[in-house]
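Asker: We have chain A already, so just place chain B with the ligands on it with the hints.
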Amino acid sequence: MSIFNKKSEGQAIQQEASSTHQVDDALLHAVRSILVGQEREQLEALDRKFQIWQREISASEEATQIRFSNIISEIQALKESAEKTNYQTQSNASALRGLERNNSNAEEELAERLTPMMAGLIKKTLQDAPQDMAETLGPLIGLALRQQVRTQKKDIVDTLYPVIGETITKAVSEAINELIRNLDRRMRKRSPAERITAQLQGISAGELFFRDTLPYQIEYVFIIHRHSGLLLAQTSTNRELRDDLDLISGMLTAIRDFAQDSLGEGGELNEIKYGEQLILLQTSQDIYVAAVLSGTIPQGYNALLRLVVSEINVKYEQVFRDFDGNMDNIPSLENDLRPLLYPYDILKPTEISSKQKKTVFTILVALLLLLSFFIFSCIFTIRLWPYAFPQATPTATYIPTQTPMPTLTFTLEPTITENPTDTPFPTQTLRPDQGVAVGNVNIRSGPGIENPVLDILYEGERFIILDQDNGWLYLRREVANKPNIEGWVNSLWIDHK
Amino acid sequence: MTTILQKKICLLGDFSVGKTSLIERYVYDRFSGRYLSTIGVKISRKSIELNPDTTVNMLIWDLAGSEEFSGVQASYLQGAKGAILVCDLTRPETLNSLKKYHSQLNAVSPNIPIIMVGNKEDLTESIQLTKAQIHEQAMLLNVTYELTTSAKTGKGVEEAFYELARRLD
Ligand SMILES: Nc1nc2c(ncn2[C@@H]2O[C@H](COP(=O)(O)OP(=O)(O)O)[C@@H](O)[C@H]2O)c(=O)[nH]1
Ligand SMILES: [Mg+2]
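From first to last, the protein sequence lines stand for chains A and B.
For the first sequence, position 343 (counting from the first letter as 1) is numbered 343 according to my numbering, and the numbering increases by one without interruption.
For the second sequence, position 158 (counting from the first letter as 1) is numbered 1158 according to my numbering, and the numbering increases by one without interruption.
Pulled out of the complex, with its shape left as it was, chain A reads as follows (with noise of 0.2 Å):
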C-alpha cells in the first residue's frame, strides 16, 4: 500500500467530519478538485517522486547487495588465494629448507668422497715435487699465519704453548741429560783420589749440587727371571701395582736377548728410554732387575740396582735356578727391593757436604805443600849436587879409587920447597899466581856448572892462575907427562894464596 493511499483516506475521514454523508461522488470529486485540487497534483507527484526513489532505493539496495556479495565473494577468493599464497610459501620454505639439506648432505658426501683423493694427491704432489708445494703453498701459508698472527695472537699462543711448552721441556731435558752423562763420566771413578782428580778436572761443587737436585720419581722395580723372562718379584712407590708387567718383563727380556745376540755377548742392555720414562737394567747370574723412572737418574743408582740384584741372587739362588713358574716357591722381595724405591737414604750426596769439601780442601792443601816440598828438595839437590859431587857429573870420568874428599882443610904439602921440574909435586913456594887442589875437581871451559867439563884436576896437582871471576878461577894445570890443559875450576876445592 502507498502511502499517498493512506493519505487520501485520512482526507476522506476529514471530509466525512466537515461535510454531509452520502453527498455525489462527482460533485464531490469536483468540490475536491476546487479544494485540494492543487495539493494532490502536488501529493499525486509526490507520490510518484516517491515512488521512483523507493524504485531506486530497492535498485540500489539491490545494487548494494550485489556489491556486497561481490565484495564478499573478492574478499573469499582474496583469503583463498592468501591461503594459498601462504601454503605456497611454506611449502617454499620447507623446500627450500630441503634443498639447503640437500645442500649440505651433498657438501658432506663430496667432502666426504674428496679428502682421501686430495689427501692422496697432495701426498703424491708432496712426494713428487716437495719443492714445488713448498714454493706454492708456502707464501700463502706465511700470509695466513701472519694474519691470524696479528688478529688472533692470543689463540694461537693457547694453541701453540703446550707444543713448544713440550718442545722446550724436551729439549731443555735432553740437555740436562747430556750434562749429567757427561758429569757422570767424569765422576765414575771410585777411589778418592780419582775423585780428587775429578775435581780437579772441573767439575765444581756448583755442578755436583746441581746434579744431586735434578727431580726424578721411581716408578717401578721389578726382578725378573733370567732364563724365562718371567716376571718374579714387583714394588712401586705408589704402591700400585700393574698388570701388566708380566708382558713387559717377557718384552724386555726379549729385546735384551735380540740386543745381545745382535751385537754380542760383550754388550749389554742397561737403559731403554722410552718417552719421558727411563728403563734401567742390572743383570746378575739368574735374574735381573729393572727399574722403571722418569726425571733424571739419581747419582750412583745403577751401582745400587747392580748391588741389590746381585745380592737378592746370592740370597735366593737355589730359589731361582730351580723356578719352573711357580709362584709360590718366590719369596717375597719386598724388603730386598725397598732401597731401590727410596735411594736417597742410601745415595747421600757425598760431594756436597761440607765435611766432604773441608776434607777434599785439607787433602788438596797437604797436597800442595807436599808438592812444594818437593820442588823446593828437587831445586836444591840440582844447585848443590855439582858442589857437594863435582865428578858425579854425567860427562866427568869417575874413578872409584879416588874417592872424593870434600874436606876445606889446606894441607900444605911440606915439600914445596922442592924442586920443581924433578918431581911431579911442586917443590917451590906457591907463588901468589899458583896453586894446588885439595880435592879433585872438575876443570870446566866456563866458570859455572852448566859449561861441559874438559878434564879432571886432581887432588895435589899444581896450576897456574891465569884469571878469576865469582869464586872461580881460570888456571893452567902444570903437571908433568899431563898436558897442560887450560879451564875454569871452583875456587872451593883448590888452594891458592
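The set of hints was computed from the structure by calculation and includes no laboratory data.
Among the clues, some could well be false.
Claimed, not checked - Derived lysine to aspartate or glutamate pairs resembling DMTMM-like cross-links, with alpha carbons at most 25 Å apart: (1) A:Lys-273 with A:Asp-244; (2) B:Lys-1100 with B:Glu-1136; (3) B:Lys-1046 with A:Asp-328; (4) A:Lys-123 with A:Glu-74; (5) B:Lys-1046 with A:Asp-469; (6) B:Lys-1046 with A:Glu-62; (7) B:Lys-1046 with B:Glu-1158; (8) A:Lys-124 with A:Glu-135; (9) A:Lys-49 with A:Glu-62; (10) A:Lys-482 with A:Asp-455; (11) A:Lys-49 with A:Glu-39; (12) B:Lys-1099 with B:Glu-1049; (13) A:Lys-123 with A:Glu-107; (14) B:Lys-1100 with A:Glu-62; (15) A:Lys-273 with A:Asp-324; (16) B:Lys-1046 with A:Glu-74; (17) A:Lys-153 with A:Asp-132; (18) B:Lys-1046 with A:Asp-495; (19) B:Lys-1046 with B:Glu-1024; (20) B:Lys-1155 with B:Glu-1125; (21) A:Lys-84 with A:Glu-74; (22) B:Lys-1046 with A:Glu-107; (23) A:Lys-315 with A:Glu-268; (24) B:Lys-1100 with A:Asp-257; (25) A:Lys-315 with A:Asp-336; (26) B:Lys-1099 with B:Glu-1159; (27) B:Lys-1099 with A:Asp-495; (28) A:Lys-273 with A:Asp-322; (29) B:Lys-1099 with B:Asp-1029; (30) B:Lys-1046 with B:Glu-1121; (31) B:Lys-1099 with B:Glu-1163; (32) B:Lys-1046 with A:Glu-240; (33) A:Lys-273 with B:Asp-1062.
Answerer: Same frame as chain A, now just chain B with the ligands:
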C-alpha cells in the same frame, strides 16, 4: 689358596700360517682380516684355571720365522715350557717346515709338551693337507697332540691352547 703357575709358551711356524691370528682369537676373541706380519716377538698373556687350586698364567710368545731366517732366534725359546707348532693347511710346505722349528726347540728346551696345529681349516676349497699327513708328521716329531683349527671361525683354537695348558707342569 690358589697356586699360580707362570708359563712361557711359544708359537712357531712359517710366515703367515696364522700364529698371530690364533693368539688374537684365543686371547681377545677376535679375528682381523688385516695382514699384520709379526716382526720378531710379540708377547700376550692368558690365564686358565686348570682346577680350583691352580691357575696357569700363560705368557704366549709369538715368534716370527721365515724361510729366509733359519728358524727363529734361539734365545727366544729359552725357558719355554710348552709350544704350539702351526702350519697352514693350504700350503703343504709349511707342514714340512715344522721339522726345523721342532729341532730348534728341542735344542733349547727339550722334552716340553708340543701341540701341532693345522690352521685355516675354514678355507675348505683350497685345503691341500690331509689329517693323515698332519698325523704322520706329528708322529715323526713325537708331538703330544694334533688338531686342525681356524683362527677365522675360532674352531679348535680354545682346544689347542687348553690341551697345551693342561700338559704344562
Ligand atoms: N681364512 C683364514 N685366514 C686366516 C686364518 N688364520 C690367519 N689367517 C690369515 O692369514 C694371514 C696371516 O696370518 P697371521 O696371523 O699374520 O700369520 P703369522 O705370520 O703366522 O702370524 C692373515 O691375513 C690372516 O687374516 C684362518 O684360520 N682362516
Ligand atoms: Mg704373526
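Asker: Mind listing which of the numbered hints don't hold for this structure, in increasing order?
Answerer: 4, 5, 6, 12, 14, 15, 16, 17, 18, 22, 27, 28, 29
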